[in-house]
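From just these sequences and the hints, can you work out the full model?
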Amino acid sequence: MDVPSSCSLPLESKSGKKRRRTLDEEQEDNVLEKLKHRDGSIYRGVDYSSVYYRLADTNETRLEPMMLSPRTESCTANPTNSCLVHQGCSMLQIFSLKLSSIVAADFSISPVQVYGFMAIRDNIDHLRNYVFKRTRDDPFVVSRNNPFILLTGPKRGISMESGNALIEYDMRIKKDDNKEDDDLQLIDGAAILSELTLLPHIIKQATYAQIYMRRIAGNYGAVDMTVGRLVCAVEATIHVEVTEMRCSGGFNLSMACHLDRIPREFKLFEGAIVNPCELNKRKFVIALIKRSMLVLDFKAKTIGSPSEATIRVRQAIMTKLHGQSARAMVFPCVSMLVNVYWSTLPPYPMLI
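Quick note on numbering: UniProt numbering labels position 42 of the sequence shown as 42, and the sequence is numbered without any gaps.
Just so you know, the hints here were simulated from the structure itself, not pulled from any lab data. What you are looking at is a predicted structure, and each value in this text was computed from that prediction instead of being measured. Watch out, some of these pointers could steer you wrong.
As the list claims (entries may be wrong) - For lysine to any residue, the following SDA-like pairs were computed, each having C-alpha atoms within a straight-line distance of at most 20 Å: (1) K290 <-> P70; (2) K98 <-> Y130; (3) K98 <-> H239; (4) K267 <-> H239; (5) K299 <-> A326; (6) K98 <-> G249; (7) K283 <-> H239; (8) K179 <-> H239; (9) K267 <-> R134; (10) K283 <-> S69; (11) K290 <-> T237; (12) K267 <-> N339; (13) K98 <-> L150; (14) K290 <-> C232.
Next comes the structure, spelled out in structure tokens:
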């Protein structure tokens, strides 16, 4: 496994005790101290953040995407057919999760199987909006040449209009098929995300956007999270349907998108498709800056044809405040229909 081990993580000393992490690597800004899922202490917190973000409530957000996709009675169109009432808001976009380091002394399995969850709680309803969620029976496998962890969410757009959000995480490494207690705790806890706490980790400043890379360190490894705070953003919900297949054995599909003005690729899906279908019957939700372009970047290759080249198709779509955009993605082996539903987020909390 080419995931680097780091001396700044808690390595085993000769006495068997864990050594403290060095300050230059441990980036624990606004972490809620001593609150963990493994011992249940995170559900008993009485500090302001624990109460405000309802950490004792483990329910997933009940709010769906596309809440304001249809125009409402209050919508007023301007000459460009835009909306004068809904103007977008500050939103958070998780671009990637990367297994950046793991304790070599405890790593005896390859590849690494990661499970658990990472969720964001925002000011709309303070409930879990999962960006990654896998059970122990269905872990995500981190390969030797690709340390990135594929996101499974979010369910809806993430608001940063209040200037703050909370990230909650309990991610583990599966070590044995039968003994869950022996699994390694990768990261565990919660932390506040705000413009102030993210500022030391900025890696890119763009118009209406700031991109950050924050390391979340744990007892047995670390996860690097690349996150963007987008100003005046809208929610895009991407739905992909495989409408026709012209190859008998199926095809390998890689789906990604690029956000205009932001040099970051967002991976949507990667895997094999053997039948016409709606991809996992799920929708991919992302945030984009208003009046920017969404670039769809799909790659397909027929299974069982090693000499056949991978075909790449790109499509660009201008963002909207409401409504829908449709694009056909046509390959020699398959045809797909992509529908993008546009929406803004509610301008006020919707606590349930």
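Which hint numbers does the structure go against, in order from smallest to largest? 3, 6 and 8
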